[in-house]
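Undergrad: Here the sequence shown is numbered in our numbering, starting from 1 and rising by one per residue.
Keep in mind the hints are simulated off the structure, nothing from the lab. Backbone N, C-alpha and C define an ideal beta-carbon position, used for all residues, glycine too. Incorrect hints may appear among the rest.
Said to hold, decoys possible - Listed below are the simulated DSS-like cross-link pairs for lysine-lysine, each with C-alpha atoms no more than 30 angstroms apart in a straight line:
#1 Lys81 x Lys173
#2 Lys173 x Lys138
#3 Lys94 x Lys56
#4 Lys138 x Lys169
#5 Lys36 x Lys56
#6 Lys56 x Lys81
#7 Lys91 x Lys138
#8 Lys63 x Lys94
#9 Lys163 x Lys138
#10 Lys42 x Lys163
#11 Lys81 x Lys94
#12 Lys138 x Lys82
#13 Lys164 x Lys42
#14 Lys138 x Lys65
#15 Lys81 x Lys91
#16 Lys36 x Lys163
#17 Lys36 x Lys138
#18 Lys82 x Lys54
#19 Lys138 x Lys171
#20 Lys36 x Lys54
#21 Lys42 x Lys54
#22 Lys138 x Lys168
#23 Lys91 x Lys54
#24 Lys163 x Lys54
#25 Lys82 x Lys56
#26 Lys65 x Lys91
#27 Lys42 x Lys81
#28 Lys82 x Lys65
#29 Lys163 x Lys173
#30 Lys63 x Lys42
#31 Lys164 x Lys138
#32 Lys91 x Lys56
What the hints assert, rightly or not - Pairwise CB distance ranges, derived in the manner of DEER restraints:
#33 Arg170 x Glu13: 45 to 51 angstroms
#34 Thr45 x Asp16: 21 to 27 angstroms
#35 Lys169 x Asn51: 30 to 36 angstroms
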Amino acid sequence: MSEKSIHLLRWEEIPDFPLYMDQVINLVESSLSFMKLDDDDKIVTSTMINNYVKSKIVSAPIKKKYVRNHVAYFIVICLLKKVYSLEDISKLIKVQFDHAPTAMAYDQFCDVFEELYRGVDEPHDYTVSLEIQNLFRKTIMSVVYTISVEQAIHNEKTIAEVKKEEEKKRKKKD
């Protein structure tokens, strides 16, 4: 697998002024571009954002404008939805954000996610590590491993397609 180089936007990197829907989508897409298997994949759409608001996972925008808090929530939701239902995501976010200020909880989420994502291909002995036994790390680990498996499957498919095309070319030459 390729090098695991990602950077999730931190709280202070998210603009501290109201944003329109298309600006929010661009920010989230940019921050989560590592999840795309193909260039035309969409990580988040306006319909998805509206559903998150309608489901009350995220507060409604003010005069159709979103703030830093919204962007942070959308990034977390887009990562967690790889594995969890919106109902579960709502509960997981509440648990994490109820125990720390939003900025701190969000940055901690990003730190742990990046750490685990970069180390996903490294061998681990989880039976020894008690640190892994908390809900927060397990949640992020499940998302990281799901993304890693999807990418591996996609890469295998791509390799198989290339081999198939090469085989066709060889047959045409013969």
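Undergrad: Going through the earlier hints one by one, which of them does the structure break, listed in rising order?
TA: Hints 1, 2, 4, 9, 14, 19, 22, 24, 31 and 35 not satisfied by this model.
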